[in-house]
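Student: Please model the complete structure; the sequences and the hints are all you need to start from.
Protein chains: 2
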Amino acid sequence: MNSDTSATSALSRRGFLKTSTLALGAAGLAAANSVEAAPWFSPGRNLITKDEVILFQGDSITDAGRSRDKEKTTAPNNQPGSGNGYAWLAAAELLVDRPDDGLRIFNRGISGHKVFQLAERWQADCLNLKPDLLSILIGVNDIWHSLDPRLNYKGTVEIYERDYHALVERTKRALPKTRLVVCEPFVLRCGAVTDKWFPEFDHYRAAARRVADKHHATFVPFQAMFDVAVQFAPPEHWAGDGVHPSPSGAALMAHFWVKAVSGKQ
Amino acid sequence: MNSDTSATSALSRRGFLKTSTLALGAAGLAAANSVEAAPWFSPGRNLITKDEVILFQGDSITDAGRSRDKEKTTAPNNQPGSGNGYAWLAAAELLVDRPDDGLRIFNRGISGHKVFQLAERWQADCLNLKPDLLSILIGVNDIWHSLDPRLNYKGTVEIYERDYHALVERTKRALPKTRLVVCEPFVLRCGAVTDKWFPEFDHYRAAARRVADKHHATFVPFQAMFDVAVQFAPPEHWAGDGVHPSPSGAALMAHFWVKAVSGKQ
Numbered sequence: 020m021n022s023d024t025s026a027t028s029a030l031s032r033r034g035f036l037k038t039s040t041l042a043l044g045a046a047g048l049a050a051a052n053s054v055e056a057a058p059w060f061s062p063g064r065n066l067i068t069k070d071e072v073i074l075f076q077g078d079s080i081t082d083a084g085r086s087r088d089k090e091k092t093t094a095p096n097n098q099p100g101s102g103n104g105y106a107w108l109a110a111a112e113l114l115v116d117r118p119d120d121g122l123r124i125f126n127r128g129i130s131g132h133k134v135f136q137l138a139e140r141w142q143a144d145c146l147n148l149k150p151d152l153l154s155i156l157i158g159v160n161d162i163w164h165s166l167d168p169r170l171n172y173k174g175t176v177e178i179y180e181r182d183y184h185a186l187v188e189r190t191k192r193a194l195p196k197t198r199l200v201v202c203e204p205f206v207l208r209c210g211a212v213t214d215k216w217f218p219e220f221d222h223y224r225a226a227a228r229r230v231a232d233k234h235h236a237t238f239v240p241f242q243a244m245f246d247v248a249v250q251f252a253p254p255e256h257w258a259g260d261g262v263h264p265s266p267s268g269a270a271l272m273a274h275f276w277v278k279a280v281s282g283k284q
Numbered sequence: 020m021n022s023d024t025s026a027t028s029a030l031s032r033r034g035f036l037k038t039s040t041l042a043l044g045a046a047g048l049a050a051a052n053s054v055e056a057a058p059w060f061s062p063g064r065n066l067i068t069k070d071e072v073i074l075f076q077g078d079s080i081t082d083a084g085r086s087r088d089k090e091k092t093t094a095p096n097n098q099p100g101s102g103n104g105y106a107w108l109a110a111a112e113l114l115v116d117r118p119d120d121g122l123r124i125f126n127r128g129i130s131g132h133k134v135f136q137l138a139e140r141w142q143a144d145c146l147n148l149k150p151d152l153l154s155i156l157i158g159v160n161d162i163w164h165s166l167d168p169r170l171n172y173k174g175t176v177e178i179y180e181r182d183y184h185a186l187v188e189r190t191k192r193a194l195p196k197t198r199l200v201v202c203e204p205f206v207l208r209c210g211a212v213t214d215k216w217f218p219e220f221d222h223y224r225a226a227a228r229r230v231a232d233k234h235h236a237t238f239v240p241f242q243a244m245f246d247v248a249v250q251f252a253p254p255e256h257w258a259g260d261g262v263h264p265s266p267s268g269a270a271l272m273a274h275f276w277v278k279a280v281s282g283k284q
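Quick mapping for you: the protein sequence lines, in order, are chains B and F. Add 19 to the 1-based position in the first sequence for our numbering, that's all there is to it. Add 19 to the 1-based position in the second sequence for our numbering, that's all there is to it.
These are calculated hints, taken from the structure and not from any lab test. Source: prediction; values computed, not measured. Only true hints are included.
Any copy will do: because identical chains look the same in the list, a pair fits if it lies in one copy or spans two.
Below, simulated BS3-like cross-link-like pairs (lysine-lysine); rule was C-alpha separation at most 30 Å, straight line:
1. Lys69 / Lys283
2. Lys149 / Lys91
3. Lys283 / Lys196
4. Lys89 / Lys191
5. Lys233 / Lys191
6. Lys196 / Lys89
Tutor: Shown next as structure tokens:
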């Protein structure tokens, strides 16, 4: 849900469609039918216009095996540089949808990263790219690495939220016009994801949501999405180890990410 | 492109949005921005309402390894029975989008099939299921098997079109209210797809388009989609052998299939 899309503005949107329908008959009615709301998802406004730079940031879920080759990393819109995950699939949907719009899409996710590691490389891997739209998916390692005593990582949800706020504040100071998408961290209940993740993981999700709300970012509710998806296929189908999406999981994420940034239900 | 969506009605749709925008200010403007048209894709009207049966029919591209287990085949909305291709990914997008809408989605694609083989099993695998929405993707084997002398298949584009028309006529007689989606057969220029496929393959695509137009079906332009997609990743990325989509190819197909049947740009 987008923090800009309160219940009131959602109602206004329906009102807009209803008004159009009354004025315009069958064509309007078809349009109104096509925006039937999913019960768990409220799209934001359209966030992308022509000739813009879109940047995906995050951890291994965003990285998804992208090339580190300098040429591939520097050039926008290429598959090796974009990996094989949701970021590439979302990029492909946008690019194939709008091949003439001059979009330049980059991926700078790095496997294993937590918020403080994004901060360490933020100048080179975000601010220098001057994204018009910045999408961040971070958090699963912030909890996962704290649960593994071998890694000796002392993170907490408070540190995650504090660092995440600071990262966004820094971004807004440097790039005040950049639109922000905060993706909800998610897990599937299988593989590496055991009971010991809960309820702590829910607190990380809530913290990401607070970051989105505070900074008027579009929030993409991936956990809510996967909670519905497991009604139709087991958790392992969407993410074998509970953390890293399968091709089907990544495709579903791409679909809802594009819906969220396109302002469509 | 939908045969119902002529250039005129596409203009009317833009007119509808423009009118709303003038009347409703910023909210309308955001909505108008979000329906910027892809140059190769015109969505149809919204084809799916609550409590409907959706059936995917076709060959291996639709089949995509679906279970033949009777329980899995009989139950709607399950992954093993739906395979791992575009049909499952499209089903998952719809189901997760609309979990409370009572949609029942089936896949009856069978690997290797041509139009006449759909006809042989149409009563059991289509008519008995009484789909409200029927989506067909067929044609690649109709040409492919005719190109392989070992298979001794004497099909032609005329036979393909005649049989395809007859299949749709039969469906309309039995199920006059069923909405039809005709998917464009497609190939990528790699793997098994050599120069000898052309220009013959283009004639099969044109025949599928005529079937769609004659029967007022929604046409999903998959070849047009992949022709744009190869600007951003090589043909092998989308379909290693030129015929069977990769997970990325299937995800892209699912995205545009859902757009086509949802009446959205």
